[in-house]
Amino acid sequence: MTESMPAEPDAAEESLDDDGASAAASGHPKFPVTARTKARRRAVEVLFEADQRGLLQGDSGAQNLRELAAERAFHSANHTEAPAYTRQALAGVADHLTEIDETIETYSHGWVLSRMPATDRAIARLATWEIVWNDDVDAPVAVDEAITLARMLSTDDSPRFLNGLLGRISDLADTLR
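Just so we're aligned, residue 7 is where the sequence shown starts under this note's numbering, counting upward by one.
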């Protein structure tokens, strides 16, 4: 008995994203990538970088994030300007960084922020801002986008963890503002 292998897509059939990379080339053909998803991913990348560089610690964390976001808005690895939503999201996270981190620690049930995978921290920070402080995004959309990013960027356990955490946060969003 032989197994049939999925056919490789023709170059002409592959769809390209805004950066000219195909879904297959990005390694994530299963995940629909909208312009807003790309903007969120870019925000997560900046949050991850800030976290890895230790810029989010202490009283200057929000200011450090603002400075890195401004720098990355025009000087990124792919030499493209950050989408407006990326800039808006990073500014929002910076404005509420302390509250966001406190919220995540409070509702993560047994996980301190420093023990979470750095990618999960970045995704959780962005999604928490969207759920609690961004009235333009419905909470279920923010949770779904966070899970999609976790599937693309993080561990196998991350989508389930973030779904539970962000579900608890979205249930209480009105009381957290």
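In short, the hints are calculated from the structure, not lab data.
Treat the hints with caution; some may be incorrect.
Said to hold, decoys possible - The calculated label-pair distances, taken between Cβ atoms and stated as ranges, are:
#1 A41 x D177: 25 to 35 Å
#2 D150 x L178: 14 to 24 Å
#3 D142 x T181: 19 to 29 Å
#4 E77 x A124: 30 to 40 Å
All figures in this text were calculated on a predicted structure; none of them were measured in a lab.
Glycine included, C-beta positions come from ideal geometry on N, C-alpha and C.
Structure-based check of each hint:
For the pair A41 and D177, the supplied restraint of 25 to 35 Å holds, since their beta-carbon distance comes to about 29 Å. One distance hint, 14 to 24 Å for the beta-carbon pair D150 and L178, holds here, with the actual separation near 18 Å. At about 20 Å, the CB distance of D142 to T181 agrees with the hint of 19 to 29 Å. A hinted range of 30 to 40 Å for the beta carbons of E77 and A124 is inconsistent with their spacing of about 19 Å.
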